[in-house]
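> Each chain, written out:
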Amino acid sequence: MTDDRLELPQGTLDLLILKTLSLGPQHGWAISERLHQVSRATLQVPQGSLYPALHRLERRGWISARWDASDNNRRAKYYELTRAGQAQLRAETRDWRKLTAAVDLVLGME
Amino acid sequence: MLGELWSDLRYRCRALFHRGAVEAELDQELRFHLERETEKYVREGIPRDEAVRRARVAFGSVDVVKEESRDGRGLALLEHVGQDLRYALRSLRRSPAFTLGVTLTLAFGIGANAAMFGIVDRLLFRAPPLLRESDTVHRVYLNWTYRGDRSAEGTYQYTRYLDLRRLTHSFSDWAAFSNRTLPVGTGPDARELTVGTVSASFFDFFDTQPVLGRFFTAAEDSVPVGATVAVLGYGYWQTHLGGRTDVLGQPLMIGTTNYTIIGVAPREFQGLPDQSVPAVYIPITTYAGTFMNGRRVPGYYTTYNWGWLSAIARRRPGVTLEQANADLSQAFTASWTQEVALDPRTPSLASARPAAVAAPVQSERGPRQGKVSRVATWIWGVAAVVLLVACANVANLLLARALFRRRETALRLALGVSRARLAGQLLIESLVLAVLGGGAGLLLAQWGGAVLGRLFLPEYQAGVTLADGRTLLCVLLAVLTAGCLIGLAPVLQSRRADLAEDLKAGSRKAGHRRSRMRTALLLLQATLSVVLLIGAGLFVRSLAEVRGLRLGYDVDPVLYIQLNTRGGGLDQAGQIQFRRTMLETARTLPGVTSAALGITVPFWDTWGDDLFVPGIDSVDRLGNFTLQAGTPEYFKTIGTRILRGRGFTAEDRAQAPRVMVVSEAMAATLWPGENPLGKCVRVGADTMPCSTVVGVAENIRQRSLREDPGLNYYMPLEQYHPDAAALFLRVAGEADKVKESLRRQLQPLMPGDGYVLVNSMRDIVGPQVRSWELGATMFLIFGALALVLAAIGLYSVIAYDVAQRTRELGIRIALGAATEDVVGLVTRDGLRFVLTGAVLGGAIALGAGRWIAPLLYAVTPGDPLVYGVVAGVLLLVAAIASLVPAWRATRVNPSLTLRSE
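Chains A and B, in that order, give the protein sequences. Residue numbering for the first sequence follows the working numbering, starting at 1 and increasing by one per position. Residue numbering for the second sequence follows the working numbering, starting at 111 and increasing by one per position.
Incorrect hints may appear among the rest.
For each label pair, taking beta carbons as the anchor points, the in silico distance ranges come out as [claimed, not checked]:
id	chain 1	residue 1	chain 2	residue 2	range
1	A	R94	B	D137	31 to 39 Å
2	B	L602	A	R90	41 to 49 Å
3	A	R90	B	C123	27 to 35 Å
Just so you know, the hints here were simulated from the structure itself, not pulled from any lab data. Since this is a predicted model, take the numbers as computed values, not measurements. All C-beta atoms, glycine included, are put in the ideal place defined by N, C-alpha and C.
So here's chain B without its partners, still in its complex pose (with noise of 0.2 Å):
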C-alpha cells in the first residue's frame, strides 16, 4: 500500500514536473502505436493511403486518447485548475468596479469575524501564554447557600485553599493567586499596578523560566509571612526599569512593605491575567502577612475570615473531571465543618449544602461569566450574520454577472467545455474574490481590532494583531467558507442553463424572468438585516435607559480620591486630624464647588455592621443593609437627595447626640407604613446607644445596576470611623477634565511615601455600563452594515430588473404610460421583498429575544417601538433603494429601446 502511495506520488511529480518531457514522450509513443498498425494493413495488401486512415479508425481519436492519457497521470484537476485561476484573475482584472465592490463588501464580513473572533478568543478560548497541559488546569468555585442565595464564588480564604490542598487526592499540583491594586514605587513615582500575590508552585504550572535572576522558593512562600522578595513582571521592567540587568538585590515598595527584586519574568508570561497583566509578583504570604500597614491579618491560615483569594489545580491523569468534583465537594464540606466548629455563627452544613467545581482556568469560561464576553460572543455571531449577508450580496451580484455572461457561457458549453468544468470554474472565480475579499479583510481587522480591543479588553495591553496565527485560521476557514458560499448560486444556477435559447437571445432577453435563486437571496439579506437591527435597536434602547436611570447620585460632576498614606507613622489621631487638613484644601482648589469625606464609594465596595432596631427580631433577615459614614456636606458632595428630615450638619460631632440617614426602601423595609423619622437604630451591638433617624435618602444604586434592594444607611463620620474616609469632591463641569491637574494639586501635601489616586465617578461607574455600550455600539455597526450591504443589493437586483426589462418599459412608455406608473411599477416589487423580510426577521428576532433578554435592560425583547423604528428605517432605505433605478427606468427613451433590438 505505502509502495503504491509513493509510486503514485513519483509518477505524479514527473507528470508535473516534467511536463514536456511526458507529454513529448506520449506524442512519440502514440505516433509508433499508429505507424505499427498502419504497417500491419500495408502488409495485408491495403495501399498506404487507406491503411493510414484505417489505423487511425480504430485508434479512436488521439487528442481524446491524449487527455485521457493526461487524466491516467492524475494531472488534470491540476492544470485545469490553474487554467481556470488564469481564467478568473483575467475576467476579474476586466471588470475593475465588480471587483473591487465585491472585494469590499466580504472584507467587510470577513474582518468583521476576525476582529471578533480575536476578542472572542481571548475572552473566552485561549488558555492564558505558557500554561502547561491548560486542558488539565481548573480554577476552582465553591458552591454554597446563605440566605436561600446560591452562587459560585471564584474567591476564598486562604485556609480554604490548605484545606482544599490537603482533603482532596484528585490533584496533583496546586496554586493560589490573586490579583491587587497596590501602590509600587515611591513618592510621585508611584502607581498603582495590578500586583500578582501567588503562591510559590504558581510558577510550576508554566513552561516558563525567568530572563533574569530567578523566581521565589516555596521557603519564601510561607505561614505566617513569605519572604519579601518580588520578581518584575517583563513589561514593568522595561518600562519603569529601563530593562536594566542590575536591578537584581535593588529595593520595590509594594504597597507599604519593601520588597527585594529577585528575578525578572519572561515577556510571554502574564500570570492568570484576569482583568490585566500583573506588573509585578510577590509571594502571597507575604501579602497577607504585611497587609494591614505592615500588620498581619490576624490568622488569615487559620480562620475563615478573609476571602480574597483564587486557586489553580491541575487534575491528575485518569482522574474525571465529575471525580474532580466529587472529590473537591467532599474537601469542602469537611473545611465547612471545621469552620462551623471554629465559628458558630457559620451556617449550618444543612443549610449552606457547599459543593465545589473544577471549572476552565479561563474565568469567562467559568461559573462567572462577565456579561462583556456574553456580549461579545453575541457580537461575534452578528458578525458571522454580517458575513452572511455579504456573502448573499455578492451571490447576488455574480448571478447578475453569469446572467449577463450568459452567451459566454453557452458558447462554452456548445465547444464542449463540460458542466463540471464549468462550475469549477465558477467556484474557482469565487475562491479568488473570497481570498481578495480576506485580504483586505484582515486589513480591515487589523485595524478594527485594534480599536475593538480597546473597547472590549481595555485593561490588556496586546492588542489584536495579524501576526496571530489563530487569527489567520479563522480568516482562512472565513475566506473557504465565503467562496464556497457565494459559488453555489451561480453554480446551481448554471446547471440550469438553456444552451440553445441563450445562445439566441444573449443577455438581452425581451422577456422578463427574475431567478427565484435572486429572490431567495435577496430575501435572506433583508430578513438577516432586519433581525439585526432589531438586535441593535433593543440594546440602544437598553444604553439609553441604563444611561438615564437616576443612581441615586451625580456621576458627571463627582471625583473620588483616595488618600493612601501608606502607614506614614500616623496614629488615628493623626490620620483624622490629616484627612480634615486635606478636605479644607480641596474645598478651597479652583473649580471645586463642594466637597466631603465618605468611607464607601458605589460598586468599589460596601461597609455593613450589624444593626438592632427596637421591634424587630432580627434585621438581619430582612436584607443586606449597607452602611456609609460621611462628613456634612457628603449628600451635597455626591448629589444624593434627602427626601425627609435632614442631612448631616457640623453640629453631628463625636460627641453630640447619633443621628443616621436611611434610605427610603431601608425605611420602608423596617417600619412599612409608619413615619421613619425618630425612630430609633443601635449599630455594633444592641448595647450601643441609640441613632435616631434624622432624615430619609433617595435610594442609591451601589452593587448592580439592574436590581439593587438600596438598603443603605448613613452616619456622621464622626460618629462612626472617622480615621478611614477618601474625599469625595464635586466640581463645576466635568469631572474627567480636572482630574490630573487636581491630582497634581493634591499630590505633594501627602505625607512621607502617600499618594493620592483620583478616579471619577465616571470611571467608577463606567464599567457597569459598558456591556451595553458594546452591545448598542457592535450592534448598530454591524447592523448598519448589513443595511448598507441589503440595500446595494437590492438596488442591484432592480437596476438589473430595469435594464432587462427597457424594451417592455418603453413599450409600456410608448403605449403612454404615465412616470408614476412606471415608478409603482419597479418599486413596488423591491417593497414586497422588504416587507416580507421585514415580517421573517422580525419573527426571527422575536424567537431569539429571550435569549438576549438577560443582556438587554428595562426593555423587553418584543419592544414594539425598536420594531416599529426598524421596519420604518427599512422601508425607508428599501424605497431609496429602488427609487433610483425606478427613475431611471421613466429615462428610458422608447424609441431608441425598440430600435436597439
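Bound-form chain A, shown alone (with noise of 0.2 Å):
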C-alpha cells in the first residue's frame, strides 16, 4: 500500500457523496467506484463507511433512494440528489471553497 493516500477530513464524505449524486443516481457500489476513480485513488473511502453516511443524508431529506433494476439486471438500491440537497451542496461546496482558500492564504504566508 502506497502512502499518497489521504485519511477523508471528518465531514467531507458527505459532500463527496453529495457532489457524486449530483451527476445523476447511482447505487452505493458505483458511488464509491466514482469516488476512487475521479480522485486517482487519492482519498481513502473505506467502503462500508459510505452506507451509514448515505442512510444519514436519506434520513435527512438530502438524498432520496428507490430499488431499481441495474445494469446486470439485479435489483439495487439507487440514491438521487433531491432538491434540499441541491441546496446543500451548493453551501457545502461554497463552505469548502472559502475553507480551502484560507487555508491557502494562512499556508501561503511567508
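Two chains, two frames, a set of hints: combine them into the complex.
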C-alpha cells in the first residue's frame, strides 16, 4: 500500500457523496467506485463507511432512495439528490471553497 | 428546515415501524455491493475465493457497517433503551427482595413528597377554582400604625371598600366578600355554616354559570339593604336539599332573616374558601343591612366603625404591581383623611402612615400568612429530605449490588459493550426502580394524603386525591429526580471499574476496600437524619411547653355554649330572664359541676371599654385592656384562680356597689408596687361611679399563646351587660365527650327559631396549638422514617463489609482473636460514621435553627436537651444496626471460609 492515500477529513464524505450524486442517480457501489476513480485513488474511503453516511443523508432528506434494476438486471438501491440536497451541496461547496482558500492563504504566508 | 425535520420524522418512523423490511433492504444493499466488488476483482483475473476475500477487506466489518447504518437511521438509542429496559426488568425480577426493599424505600420518600405537595399546593400555590386569570387578581391589605404597632390588615370597612374602589384607577373590577359563620335553616335543623356574603361583582371574577337559576345582580346588592336572595353552594344543595330542582323560590332562613333561593352554584365553585367552603352566598349589603337581628348597622356604608370584610381587585392590563400599590396607597390615604374628618378620635395621618398592598389572592401567600401553612412548607422541605435519605439508601444498595455484580459487568465490558451503554443501562435500571417506587408512593400518598389532609386542612371538604394532575406531575418530577440520583452513584462507580482485576477476583476479594462513595452516602444519611430528628425534638419540646402552659383557665372540663335566640321577640328583660333560666337548668344537668354566664370567650372574642383611673392620665396608653363580665360562679367554672381578695358573689347585683376583679398584670401595670384592692376604676366614662377592685385573678391568655399582655378585668354580669352572655359549663371528666348529649338536652329549651351551639374549650384552644402539633407529629414521623432508612443503610453497609471480610475475619479468628475484638472491629466503623454524621447534622441544625425559631415555643433552636437526646437515639440505633452483623462476624467458621477459596 502506498501512502499517497489521504484519510478523509471529518464531514467531507457527505459533500463528496452529494457531489457524486449531482451527476445522476447511483447505487452505493458505483458511488464508491466513482470516488475512487475521480480522486485518482488518492482519497481513501473505506467502502463500508459509505452506507451509514448514505442512510444519514437520506434521513435528513438530502438524498432519496428507490429500488431499481441495475445494469446486469439485479435489483439495486439507487440514490438521487433531492432539491434540498442540491441546495445543501451548493452551500457545502461554497463553504469548502472558502475554507480551503483561507487555509491556502495562511499556508502561503512567508 | 421544516422540510428536513419532516423528512427526518418520516424516515425514523419507517425505520421504527418497518424494522424488518428496513433491515432486509440493508442486507440486500450490502450484499449487492460485495457482489459487484467481487466481480470487479474477478474481471481483473483474480481467482474467485481471493476476490471475495479482497472485497470483504475493502469493505470492512459488515456488522459494524450495519450497526453504524442503524445509528445513521437514528434508531439505535430507542433500541438500546428497549433492550436495557428488558434487561433491567429481568434482573430485578431475579432479586425480588432487593426490588421490594428499594420500591418501599422510594415509595416512602416519594409518597411523603406527593402528600405534602398536595397540602402545600392547596394552602399556598393553587388559585381558587374557576378564578379567571388569577395572576391579575389581588387581595387588598391595608397597613397603618397604631400605638407603635404596624400590621397588614386583611379586613376593613364597607365604606373603606367603597373608597378604594372609587379612588383607584389601576383596577378594572372590585369585589367585597366576607365568609361569616351563621345559622342556616330553622329549628332543630339549624346548623352554623359558613355563609359567603359577597358583592354581586364577586361572581364576575370567576368562569362560572349557576347550574340552576341565577346569581344575584348589582341591583340586588345595594346600600342600605340588598335583596333577601340567596345562591346555594352545590354541596349544601346536595346534602341538605337533596339536589332537588324545585328549590328555586323556596325560603331559607339565614341568621335572623328569611331569604329566597334564586340559584345554585356549580360543583367546582368554592368562592374564596379561606377556611371553609361557603354553604350559601348572599348579597353583602343584605347581610350588613340586617346584621343586628334585622336591624341595620347604622351607616355601615358611610362610617368607619365596623371592619369586617375583605376585597379583591383585578389589576388592569399594563399596570405594574408597583403602580397598583402606589395607586392603592394614595386611595387609602385619601380615605383615611375622610375618616379623620368624620371622627376626630382617629389617629392622625402622620402617625398612622396608611399604605395599601395588592397581594396574591391566596390568603396564605399574603402578609397574614398563618403558622400552619408555614409549618406545612417546612414539612414539605422535610419530606424532600426524607426522599434524599431514601435515595441515598437506595444508591447505597445499588452500589453494593454493583459490587456483587462486578464480574458480570467486567464480562460485558470485555465483550465490547461500551461504557456509555453500561452507564445507560444502570440509569435505566434506576429509573425503573424509581417508577416502581413512584407507583407505590402514589398509593401511599393517596392514603396518607387523606390523613394529612385532615390534619392540615380540616375545614376543607375535598381531600388530596390521586386524580389531581398537579400532584401527579409532582410525583413524576420526584420519580425522575430519584431515578437520576440513585443512578448517579453506580454510574460513577462503574467508570472506575478495573476490568482485569474484577474478572479475576469477581465479588470475592480477599482484600478489604470500602468505596468512598458509599461512605459519603452513609454520612449524608446520618447527617440528614440528625437534622430531621433535631427538628422533631424542637417541635416536640415546643408542643410539650404549649400543652403544659397554664392558660389562666382550664381547658378539658369546660364547655362554651352560645345561646342564639335569633331575636325571638325577646326584649332586654326577656333576654335576661331567658339566660337566667338556662343557667339554672344547665346547673342541674347530670355531670355538670358548675355553670356561669360570660360575655366573651378567649381567642374568639374580646370586649373593651374606656377606662378611667384616678391618678392616671390616659389608661389607654398603658395597653389594651379587655373585659369579661360573668356571673358569680364564673371563676370556679372556667378555673381562673383568684390570687388575692375575692371573686363575685350573688350579692354583687345591679344595684349593689360596683365591684371589679383585675388580672395580676393589670394590677401591676396600673398600680405598680401598690395594693390594688380597694382601688377605684370607672368603666365607660369618667362620670361613671367607681368600680372597687375586690380581687386579683391570675393572668389569662386570650389572644395569643405566645405573648399575651394579660391585661384584663372582670365585672359582675348584672353590673355590666346582663342581656348578652353565653353559658360556661364545667363538667366532671372530659367536656368533649358530653358535648352532643348536652346539646340535645339544651336545644328544646330554646324559644322559637333559636338554637344552641356547643363547643368545648378544647375546640376553641385547639387551633391555637395546631401548628405545634402538626410540626411535632410530622417532624417526628418523617424524622423516624429517615432514621429507620439510615439505620437500614448502615446495617447494609456493615453487613456487606462483614461479608467482604469473611476471609480476613476467618484468619483473625483462626489466629485467636476474641469475640469482643471482632465485634469491636466491626462496630467501631459504624459508630465512627454515625458520630461524624451527628456532628455534621448538629452543625447544620444549629445553622438552620434561626429560621425555624419563630415557629417554636419557649425552646431555643440550640436546646441542649434535644441535641443530647438525638445523639443518644442515633448512637443506640447505630449500635443495633452494627451489632447484628458484628455478631454474625463472630460466627465465622475459619476453617470453612479459608477452604472455600
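> Indicate, hint by hint, whether the structure satisfies it.
Cross-check of the supplied hints:
no., hint, in the structure
1, A/R94 with B/D137: 31 to 39 Å, "holds, 38 Å"
2, B/L602 with A/R90: 41 to 49 Å, "holds, 47 Å"
3, A/R90 with B/C123: 27 to 35 Å, "holds, 29 Å"
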